[in-house]
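Protein chains: 2
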Amino acid sequence: MGEGAASEAKVEGASAGKEPRTARGRRTLRAILDAAAIEFGESGFHDASISGITRRAGVALGSFYTYFDSKDAVFRALVRDMSAQVRDRVAPAIRAAPDGIAAERAGLQEFIGFVRQHKEIYRIIDEAEFVDPDSFRLHYATTAERITSRLRAAAARGDIRADVGEVHAWAVMGMNVFLGLRYGVWNEDRPHEAIAEEAADFLRHGLAPRPG
Amino acid sequence: MGEGAASEAKVEGASAGKEPRTARGRRTLRAILDAAAIEFGESGFHDASISGITRRAGVALGSFYTYFDSKDAVFRALVRDMSAQVRDRVAPAIRAAPDGIAAERAGLQEFIGFVRQHKEIYRIIDEAEFVDPDSFRLHYATTAERITSRLRAAAARGDIRADVGEVHAWAVMGMNVFLGLRYGVWNEDRPHEAIAEEAADFLRHGLAPRPG
Chain A
1 MGEGAASEAK
11 VEGASAGKEP
21 RTARGRRTLR
31 AILDAAAIEF
41 GESGFHDASI
51 SGITRRAGVA
61 LGSFYTYFDS
71 KDAVFRALVR
81 DMSAQVRDRV
91 APAIRAAPDG
101 IAAERAGLQE
111 FIGFVRQHKE
121 IYRIIDEAEF
131 VDPDSFRLHY
141 ATTAERITSR
151 LRAAAARGDI
161 RADVGEVHAW
171 AVMGMNVFLG
181 LRYGVWNEDR
191 PHEAIAEEAA
201 DFLRHGLAPR
211 PG
Chain B
1 MGEGAASEAK
11 VEGASAGKEP
21 RTARGRRTLR
31 AILDAAAIEF
41 GESGFHDASI
51 SGITRRAGVA
61 LGSFYTYFDS
71 KDAVFRALVR
81 DMSAQVRDRV
91 APAIRAAPDG
101 IAAERAGLQE
111 FIGFVRQHKE
121 IYRIIDEAEF
131 VDPDSFRLHY
141 ATTAERITSR
151 LRAAAARGDI
161 RADVGEVHAW
171 AVMGMNVFLG
181 LRYGVWNEDR
191 PHEAIAEEAA
201 DFLRHGLAPR
211 PG
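From first to last, the protein sequence lines are chains A and B.
All residue numbers for the first sequence refer to full-length UniProt numbering, where the first residue is 1 and numbers rise by one.
All residue numbers for the second sequence refer to full-length UniProt numbering, where the first residue is 1 and numbers rise by one.
Please keep in mind that the hints were generated in silico from the structure rather than gathered at the bench.
Be aware that a few hints might be false.
To give an idea of the chain A side of the interface with chain B (calculated C-beta under 7 angstroms), a few residues [to be verified]: (1) Arg24; (2) Met173; (3) Leu179; (4) Arg182; (5) Pro209.
A quick note: this is a predicted structure, and the numbers were derived from the prediction, not measured.
In this text, a Cβ means the ideal position worked out from N, Cα and C, and glycines have one as well.
Let's have the full structure, built from the sequences with the hints guiding it.
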């Protein structure tokens, strides 16, 4: 997919009635969301400003109001956008994997890779707990549902144990979030492939002693 | 241990030079920290007030300044106090467990039990990421080190696989934090014993297909 196609891809999040109708509009909306990620990530919600976002995006202040009603609205859109970006980044790797455990490995590797390029995602999702609790809850609830579905599909294919469910999905999600924090945000001291490999081996075999 | 002994137990967190010297002082400090947990948990850091804390604690405003220099100081003390409370709540259950997996199960069960009684712990630790990043980092870094140590001790006893390390510790911590969020804070729809049992079985066997 060429750059033009990528930048003209669907982009959501504009306030009601303010959805862009042209490729150029979608590019501007994308630029505003990308700039908002940096602005909120660096300054936090309270100190972030709409003018800071438009300055970073290189667009006029009026362009902001073409797409969003308020700072709250762009923050809410950003949480959903980051959630969707993670989903879209990991999905192809998961689909291409030969089995359920390999899918979790590939997904985690892509996730840590994404986090290293977008460290601000943690501050943004975490601050949503306070600024926009509904978005915070929606992010983790939908992520957990997605993991539950793919674990159940893998179980149906016989790749993993038959009794997987919500507890396993939340365990996997928690593992991924914390490995992303430690090895993606805090310190890139180990290759993300190695972390994903070790985590996948843990998912496959658990902590029980291994036969010599 | 009687109530008197418990309330006279060591309590830390007072600002430098303001440590209580009497049992009565320690009880007042404990009351202020417990009230601060409710105040910060309900209102968030910015809207919380020192007078709100002393009102909830039933102590005079001057008593606050006997032990703390500022709202920042009591928040910082509270993060460390909640971290210590979790540690002290789960430690006896972990010590009493017959093996390494049973220890993780007992620890998670106690943790979810603690969370159900202190739902505010999530908001407080999570808000520390913004209000007091050093405390936030210290909380997870020391928790991960504690888990790494106990996994390695269990491995040395032959209870669990020999190659456990930091990745496993962060995986276990992430699992526990997210299961606590889902089944402790969000919804108590399932007994915490059942969650801990399912998580322990996952730790023991992983996700690989089980022999029929």
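Here is how each hint holds up against the structure:
About 36 angstroms separates the beta-carbon of A:Arg24 from the nearest beta-carbon of chain B, more than 7 angstroms, and the hint is not met. Contact between A:Met173 and chain B, as hinted, is supported at the beta carbon level, the nearest pair being about 6 angstroms apart and thus within 7 angstroms. Because the closest C-beta pair between A:Leu179 and chain B is about 6 angstroms apart, less than 7 angstroms, the hint holds. Hint on A:Arg182 holds. Least Cβ distance to chain B is approximately 5 angstroms, under the 7 angstroms limit.
Interface hint status for A:Pro209: upheld, as the beta-carbon distance to the closest one in chain B is roughly 6 angstroms, under 7 angstroms.
Of the numbered hints given earlier, the model fails hint 1 alone.
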